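2 protein chains.
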Amino acid sequence: MPPSKSAKQKPQWKEIAHEAQALRDQSLADVGTTVQLPLQLPTNVINIPEIVLSEANIRITSLSPQQLMDLLSNGRLSAQEVVQAFLERAVTAQKLTNCLTELLPQRAIFRAVELDNHFSRSSVPVGPLHGLPISVKSHIGIAHRPLASGYCALFHSHARPVSDALVVQILTRAGAIVHARTTEPQSMMQLECASNIYGVTTNPYSNIDLSSGGSSGGEGALIAMRGSVLGIGSDVGGSIRVPAAACGIYGLKPTSFRVPTTGWSSTPPGADPIVTVLGPMGVNLEVLELFMRVVVAAESWKVEPALIPLPWRAVSIDPTAEKPLRLGIIWQDEVVQPHPPVQRVLREFVDKVSGLSHVEVVDFPVYKHDEAWAIVSSLYFTDGGDADIAVMAQSGEPLLPLTEWIIKENPGVKKLSRSELEYWLEEREEFRLEYSQHWNKTGRWDEASGSWENTVDAIICPVTPGVATRHNTAKYWTYTAVWNLLDYPALTFPAGRADKNIDVRDNRKRFLSGLDKENWQLYNPEVFHDMPVGLQIIGRRFEDEKIIAILKFLENKI
Amino acid sequence: MPPSKSAKQKPQWKEIAHEAQALRDQSLADVGTTVQLPLQLPTNVINIPEIVLSEANIRITSLSPQQLMDLLSNGRLSAQEVVQAFLERAVTAQKLTNCLTELLPQRAIFRAVELDNHFSRSSVPVGPLHGLPISVKSHIGIAHRPLASGYCALFHSHARPVSDALVVQILTRAGAIVHARTTEPQSMMQLECASNIYGVTTNPYSNIDLSSGGSSGGEGALIAMRGSVLGIGSDVGGSIRVPAAACGIYGLKPTSFRVPTTGWSSTPPGADPIVTVLGPMGVNLEVLELFMRVVVAAESWKVEPALIPLPWRAVSIDPTAEKPLRLGIIWQDEVVQPHPPVQRVLREFVDKVSGLSHVEVVDFPVYKHDEAWAIVSSLYFTDGGDADIAVMAQSGEPLLPLTEWIIKENPGVKKLSRSELEYWLEEREEFRLEYSQHWNKTGRWDEASGSWENTVDAIICPVTPGVATRHNTAKYWTYTAVWNLLDYPALTFPAGRADKNIDVRDNRKRFLSGLDKENWQLYNPEVFHDMPVGLQIIGRRFEDEKIIAILKFLENKI
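Note that the protein sequences, when read in sequence, are chains D and P.
Residue 558, in the working numbering, is where the first sequence stops; the numbers in between run on with no holes.
Residue 558, in the working numbering, is where the second sequence stops; the numbers in between run on with no holes.
Be aware that a few hints might be false.
Treat identical chains as interchangeable: a pair holds within one or across any two.
[As the list claims (entries may be wrong)] Straight-line distance between alpha carbons at most 30 Å, and here's what the computed DSBU-like set of lysine-lysine pairs gives:
#1 500 with 517
#2 509 with 95
#3 95 with 414
#4 302 with 546
#5 414 with 552
#6 302 with 441
Don't read these hints as lab results, they were simulated from the structure.
As the structure is a computational prediction, the values presented were derived from the model and not from experiment.
Pulled out of the complex, with its shape left as it was, chain D reads as follows:
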């Protein structure tokens, strides 16, 4: 039970949640849409917006980001029309999946008017994102707005930022319009999206039973419903990629220190043992690349010195018989076998790309995923979660099941001594070193040039050991978290849908581990039917450009 405190002295968590939700609801009301949802909703609500919204709205919000940019930058659409359409569609998305912490209609319309005025004066767009509405995960600071970061207590006690987070400033300068702020879970360390302050974000494809994924779950649900075509998420263990996969969209966890994080938290960039990265989530691959191109071009390393001054580089994929494109497949990680839909969709994807000329597909041997989890989970909460527990105690909010699980039930999470912390930091670097040698050995050592030749170009693997999870069951992080430990860029893309008629539950008797058995018991072909299945493509450190180029090549061919 939360400690009882005088409401006057310190608001209880329920009162804060009530206040925060009222603020959110008022921001929705300010959009001024009169859309009514049907009284009876299906489980899968992904198409509801197309039923309830106006034709004009649907026409605009169904455009690809590239089409939007084209029409905006030649004046055939105004920024005001576009942002109003996405605000309205976001209202609908909120009602169906609870994906928002607030909308920003005043700010968005004000900026849209500025952009339209600029355009009518000059006939040129202000930048490459002129008029594009973008959504932002709520712990990424927006000037003068509350910064709860998933905790009730912080809604009031965290000072409101005086300016936008640096990445938001860059996108805004390029012409983007922030119209929506999206949900995130308690502690931010869930691969689902439930908090005491805003409740549970659900999956548009199954809005009762299944999670949007997390922690950037609000972005996942909002973008899947086209309440936004591009959003900013964050990822330290899978938080961009898991909701992207669960909701059938694209998400990139870039290599660290390419996208500025100034303004997302009180920890200065570079001080954490596992770096939380910001990255794009969106409706297609092109918009992720556009995001990266614009953000990197801002050369923020002069204001955020932890960033690496690496420009966004052109990479072309043009395999030949002499130099084929080599893809390494991780089918399962030897700890937990993915559910049938994930296995099948991966197999189908591999079958398709295997047929392409000059594309070689090989099995990528798994390298110690159990050890990877031991290391990374030891470095997530070096204080054993004390600071988080204290913040929750401030408002009296209870630990939600997945917070309880990660902080209290995970064997890796404990309060470290200095020498234990240093031990795990060395283990981290050893693992990175070993993994890089492991990857090199997919090729051959060339003594003449002193380098490894013909190594695998990218890894293709599952994102999660299943599709979107039933609430409070997302407990196996390693398929995504291993790439955070290694700081490899990882991109989630939609690759198929679950099908109860094909993806039957076979009768396994032998399991890879206790975790494998636990995961297997979660599989239910009926519940997961028709859910999106995502896959991951992984590159080596700083090969963000390369994995985007490879996936673009593959998507164009298959």
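Place chain P on chain D using the hints.
Okay, now just chain P, sitting in the frame of chain D:
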């Protein structure tokens, strides 16, 4: 007193030192030179090699690295002649300054023969360093050789490496020949160069009273005496730059994670809170740049994943009236005022460059150098020095004065708790952030482009608060260590000589601090007369190319 142990069970430190020195002396004898030193030596021995060595030797060892490379790569000099000449000159340097832990005549001659054979077969050099002898600070591993790292106990107990350190492999592949291994101090954390295993390395310009500087003091002395023209040093607080300045040569501390460190220590790259970097020391600027170009071109990031995949970039300095070259001068750091020779040489340098067209010189305001030292010294020995003390206890070797000082007398050095360590890591990042804003404010914010324009291009400042120190007095590190904390590239270059007739000791009554007074009391115009004075040029993170280009520009003009 060291604990008494049976010599049979574990060799005492004196026995180890005796053995190590015998190995060194044998390696010198194997060079087969019969050079005799004069019975009476002057204090300044820098010119002794030119008196005692053969004309042929002097002709070769006096060539610039570029001249050597030209003659070697067109076959007018053989690698064997060159390496034999440098081996002999290194023997002389050792006798005068005690700068070596061993020579490697067998290995060097064997490799020279290989190179000569290759050249006589193909008439092309094996690479851009074909036949160039290089020296290596001893803690950087050489295959099958002892790795004492400044401690007697490690001479035996540290496993001999099975292969060369990665940076040595790269240089060797490019044609370089490792001929000499150089001294380093106990604990490696001295800005002088004294160990119980090899004794004290002295300064060629004053071989009784003054230190070579440290910790890469063997490189400093050997290169100043032209027993080598290029060497590899290491730097975590000034260890490349201080001996380079003290001995009148060039030294570059690159930005971290550009030069591979694999094979220098048991700590994997990336795990330390303040990164020890390897970098070049040499007789001129061009050879430092050649080193960087060759090392970076090896693209070692695929085998050492902590490295940044940043190519070596061409930077041209071509200032105009619209875009002048802007140099910021730090005259003194508001904690310790440099001795008169340093003040004067800096002033003279500034006067000269101020006269160049399109070069602007401004004062660079000091930013919290006292705080910088508090942070960096707290992160050097997070265990309070326990591990080092244990290694010394193993052989019973006593703590030398500067080891005692840094570990036991320095207020910053103490055993940290995990939360204290995390506190200092955050302070480190905060300081980096603040300093980068501080640098930005030397220019002006341009709202249109969203960037800082016309900021200072580089800082010029002292290397140390004096010239080479009297033994056991190098206790003020901040002029160099602040750039390690910031991870800014810093290059030391020779800029003048002390002159007792000009650089008189004025009668200061007011001091900036107790440390300032202490430093002032060390000044003695007679003792320091004619010693080299170095200066530092500093760039922002990853601007290694830029500071080299700026210094090249300035040296060509003045």
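Status of residue 546 relative to residue 302 across identical chains (alpha carbons, at most 30 Å): both (25 Å within a copy, 15 Å between copies)
Can you give me the call for residue 500 and residue 517, within, between, both or neither, at a CA distance of at most 30 Å? Cα proximity of residue 500 and residue 517: one copy only (20 Å, versus 82 Å across).
Should residue 509 paired with residue 95 be assigned to within, between, both, or neither, using CA atoms and 30 Å as the limit? neither (43 Å within a copy, 76 Å between copies)
Is the C-alpha distance from residue 302 to residue 441 at most 30 Å within one copy, between copies, in both cases, or in neither? So residue 302 and residue 441 pass the 30 Å test across copies only (11 Å; inside, 37 Å).
Homo-oligomer pair classification [residue 552, residue 414; C-alpha up to 30 Å]: neither (42 Å within a copy, 53 Å between copies)
With identical chains treated as interchangeable, where does the CA-CA distance between residue 95 and residue 414 reach 30 Å or less: within a copy, between copies, both, or neither? Neither, since 39 Å and 56 Å both go past 30 Å.
Against the hints set out earlier in the document, violations occur for numbers 2, 3 and 5.
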